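*Asks:* Following the hints, put chain B in place on chain A, whose structure we already have.
Going line by line, the protein sequences match chains A and B. For the first sequence, counting from 1, position 8 maps to -3 in the working numbering; every step adds exactly one. For the second sequence, counting from 1, position 115 maps to 104 in the working numbering; every step adds exactly one.
These are computed hints drawn from the structure, not numbers from a lab. Some clues are possibly wrong.
It does not matter which identical chain is used: a pair holds within one copy or between any two.
Restricting the straight-line Cα-Cα distance to at most 20 Å, the calculated cross-link-like pairs of lysine to aspartate or glutamate (EDC-like) are [claimed, not checked]:
no.	residue 1	residue 2
1	LYS182	ASP166
2	LYS83	ASP93
3	LYS254	GLU273
4	LYS132	ASP272
5	LYS143	GLU294
6	LYS145	GLU294
7	LYS132	GLU229
8	LYS231	GLU114
9	LYS191	GLU114
10	LYS145	ASP166
11	LYS40	ASP214
Note that the coordinates shown come from a computational prediction; the quantities given were computed from them, not determined experimentally.
So you can see what is in the structure, the chains are spelled out below.
Protein chains: 2
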Amino acid sequence: MDFDLTILGSNSAVPAFGRHPSCQVINHNNQKYMIDCGEGAQFQLSKYKVKRGNINHIFISHLHGDHYFGLVGLVNSFRLNGRKDDLHIYGPPKLIDIILIQVDVFSPEFGYKVHFHPLNYGESELIFENDYLLVYTIPLVHKTETNGFLFKEKVKPRKIIREKILEYDIPRHLIADIRFGADLVIDRKLIAKNEELTEPGKPSFSYAYCSDTVYNPDLASIIKDVTVLYHEATFMHDFEDKAAERYHSTTIQAAKIAEMSGAGKLLLGHFSARHYDLQPFQDEARTVFSETYLALEGTTFNISE
Amino acid sequence: MDFDLTILGSNSAVPAFGRHPSCQVINHNNQKYMIDCGEGAQFQLSKYKVKRGNINHIFISHLHGDHYFGLVGLVNSFRLNGRKDDLHIYGPPKLIDIILIQVDVFSPEFGYKVHFHPLNYGESELIFENDYLLVYTIPLVHKTETNGFLFKEKVKPRKIIREKILEYDIPRHLIADIRFGADLVIDRKLIAKNEELTEPGKPSFSYAYCSDTVYNPDLASIIKDVTVLYHEATFMHDFEDKAAERYHSTTIQAAKIAEMSGAGKLLLGHFSARHYDLQPFQDEARTVFSETYLALEGTTFNISE
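Just chain A, with the same shape it has in the complex (with noise of 0.2 Å):
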């Protein structure tokens, strides 16, 4: 199952150097998620090819304008474009206020139908879910109050040993739920365990977005075991106090949360102004987590390997 993730831009606030402020795309399953819209996301769809049809999830995570002043112009180039299909955007309840001041999203006459769903703040909470994918909020702590997201596949079913459905003669109804996990069990009788009959399925994946936020511990065990984190690193770590002032984070400090949570691979964002040459960035981080890479714009991440 494809799982990968499109970086569209992962600057801080302060526009620099070309690059653009928060908005990344999530492909799983031929479904896609859009996490964060700043300004001119619909302009680095375009640039950067990423094919728009199947965006029917944009979740925000806070009211700063990096992470969302773009939306209003995609959902309304949608409509232009001819979109029929439903579009569902997660996000801070005044967020629906914001697009409907500038576009009535709600209007019979809108072209397609947006879902508005307001999000809570304070615990980490299910938002989202398909046959595959399960979707939580990450509650950050930031000057507003924000959310990350957690994309997490559902367990994979496990493998039946072919010989074992041979041996027990395992009826054929039966079959999903052992791939499940259920032991073999006839007439209220046990048969054979489950880990007799099956072998491992694929690994499940997962994506944790934590943008922004300032150093936060708790972190780590609702992203425990993460397959990918991105964690925002808006300033090196001899930025550490304005950092904490300004309720960002460090280079190391994300490294740290990496470690901690025992993430596979850490992508660093959300990068200050002050900085043209990204690269200390990566080579910093890596003193502490060695799997780190920075999350540039243009660039896609495989989640399922």
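*Replies:* Chain B only, in chain A's frame:
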């Protein structure tokens, strides 16, 4: 006195082929005036190296997204970049509500002062004046209340003929009045008519922005003898019906307005996303008005020549 125009975006509502929505900047006597502010305007300023320091006046024609979605981002970035100078915004009354729900530009902590000037609609009005320049609204006919803008240099002083100063021994304190057209009158007695004393001064130039609008011959009298006219040409001539239906104009219609008003030059813009190649717009309009040019983004036009 420098008077030029830089196009930052001239595509119509649906972004296409990397072209950006409406935004342009007039530079007059070292002051910058922005007209419309489509999404991405702040990135376009950087891309085309237009210094934003002396943009103190922004004029918004109407509340279709491709003419203002970039405003809140620009206003917010001014703050983040430490702007101190006052900013004047002119536009439909509702524009300020749209800004305020996103960024509290009237808060004492905002960093710089924003003055909002709600525009009337229906008659051409003077909305800005300094020592050198006048700005008037141009009522346009579109789906929503829309104003174009006419930038008009004030009449420049005439040149006094040096020999006449000696011949009539013109007192120093009368020179300024004579340069602005007064006759030489001493002790209530006419000594010499102005025409004898002076030669014409430098010409005064003007620029008219007419977007978006349906074909409207009434415009010609408001923008009479304009030096440079920007007139929307969303469609080619073969889409005349669609243009009317959508309250837009065609190449030929824009050219007719230029001809009727006696414009020096015509700039076409607000191009439909249907067209990758824009050359046919220019070619078609030139069949009616030869001094037609494409307002391509990144281009600067000299108004004072």
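*Asks:* Decide, hint by hint, whether the structure agrees.
*Replies:* Structure-based check of all given hints:
no., hint, verdict
1, LYS182 - ASP166, "within (12 Å within a copy, 106 Å between copies)"
2, LYS83 - ASP93, "both (15 Å within a copy, 14 Å between copies)"
3, LYS254 - GLU273, "within (15 Å within a copy, 56 Å between copies)"
4, LYS132 - ASP272, "neither (28 Å within a copy, 54 Å between copies)"
5, LYS143 - GLU294, "within (16 Å within a copy, 68 Å between copies)"
6, LYS145 - GLU294, "within (15 Å within a copy, 71 Å between copies)"
7, LYS132 - GLU229, "within (16 Å within a copy, 52 Å between copies)"
8, LYS231 - GLU114, "neither (31 Å within a copy, 49 Å between copies)"
9, LYS191 - GLU114, "neither (26 Å within a copy, 70 Å between copies)"
10, LYS145 - ASP166, "within (12 Å within a copy, 89 Å between copies)"
11, LYS40 - ASP214, "neither (31 Å within a copy, 47 Å between copies)"
When the structure is compared with the earlier hints, violations turn up for hints 4, 8, 9, 11 and for no others.
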